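Peer 1: Sequence:
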Amino acid sequence: MEKKLYKSLKDRKIAGVCGGIAEYLNIDSNVIRIIWVIFAFGFGTGILAYIICALILSDNPSEYQ
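full-length UniProt numbering numbers the first residue of the sequence shown as 1 and each following residue consecutively.
What the hints contain is simulated information worked out from the structure, not anything from laboratory work.
Fair warning: there could be bad hints in the mix.
Within a straight-line C-alpha distance of at most 20 Å, the following computed SDA-like cross-link-like pairs (lysine to any residue) qualify [what the hints assert, rightly or not]:
id, residue 1, residue 2
1, Lys3, Ile47
2, Lys10, Ala54
3, Lys13, Ala40
4, Lys13, Asn26
5, Lys13, Glu2
6, Lys13, Asn30
7, Lys13, Asn60
8, Lys13, Leu25
9, Lys10, Ala40
10, Lys3, Ala22
11, Lys3, Leu57
12, Lys13, Ile47
13, Lys3, Thr45
14, Lys13, Phe39
15, Lys10, Tyr24
16, Lys13, Ala49
17, Lys4, Ala22
18, Lys13, Pro61
19, Lys10, Phe39
20, Lys10, Ser62
Keep in mind that this is a model prediction, so the values were computed, not measured.
Please put together the full structure from these sequences, using the hints given.
Peer 2: Written out as structure tokens, the structure reads:
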């Protein structure tokens, strides 16, 4: 089966982007959230990237049940 990147419906705080990336990479979602905050405040690109991902990524269809 081919791996695809989706927003998570189960592990979401705002839009499910970090939870979806964590599921895709098979790591803890809190690690992704910490990295995302570092990029948001350290480099200024995290907020824009999160908004773009939240708009582009679709919800995980296997979590609708």
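Peer 1: Now look at each hint and say whether the structure bears it out.
Peer 2: Outcome of the hint check:
no.	hint	in the structure
1	Lys3 x Ile47	violated, 25 Å
2	Lys10 x Ala54	holds, 15 Å
3	Lys13 x Ala40	holds, 16 Å
4	Lys13 x Asn26	holds, 18 Å
5	Lys13 x Glu2	violated, 26 Å
6	Lys13 x Asn30	holds, 11 Å
7	Lys13 x Asn60	holds, 15 Å
8	Lys13 x Leu25	holds, 18 Å
9	Lys10 x Ala40	violated, 23 Å
10	Lys3 x Ala22	holds, 13 Å
11	Lys3 x Leu57	holds, 14 Å
12	Lys13 x Ile47	holds, 14 Å
13	Lys3 x Thr45	violated, 26 Å
14	Lys13 x Phe39	holds, 18 Å
15	Lys10 x Tyr24	holds, 14 Å
16	Lys13 x Ala49	holds, 16 Å
17	Lys4 x Ala22	holds, 12 Å
18	Lys13 x Pro61	holds, 18 Å
19	Lys10 x Phe39	violated, 24 Å
20	Lys10 x Ser62	holds, 11 Å
Hint violations for this structure: numbers 1, 5, 9, 13, 19, all remaining hints satisfied.
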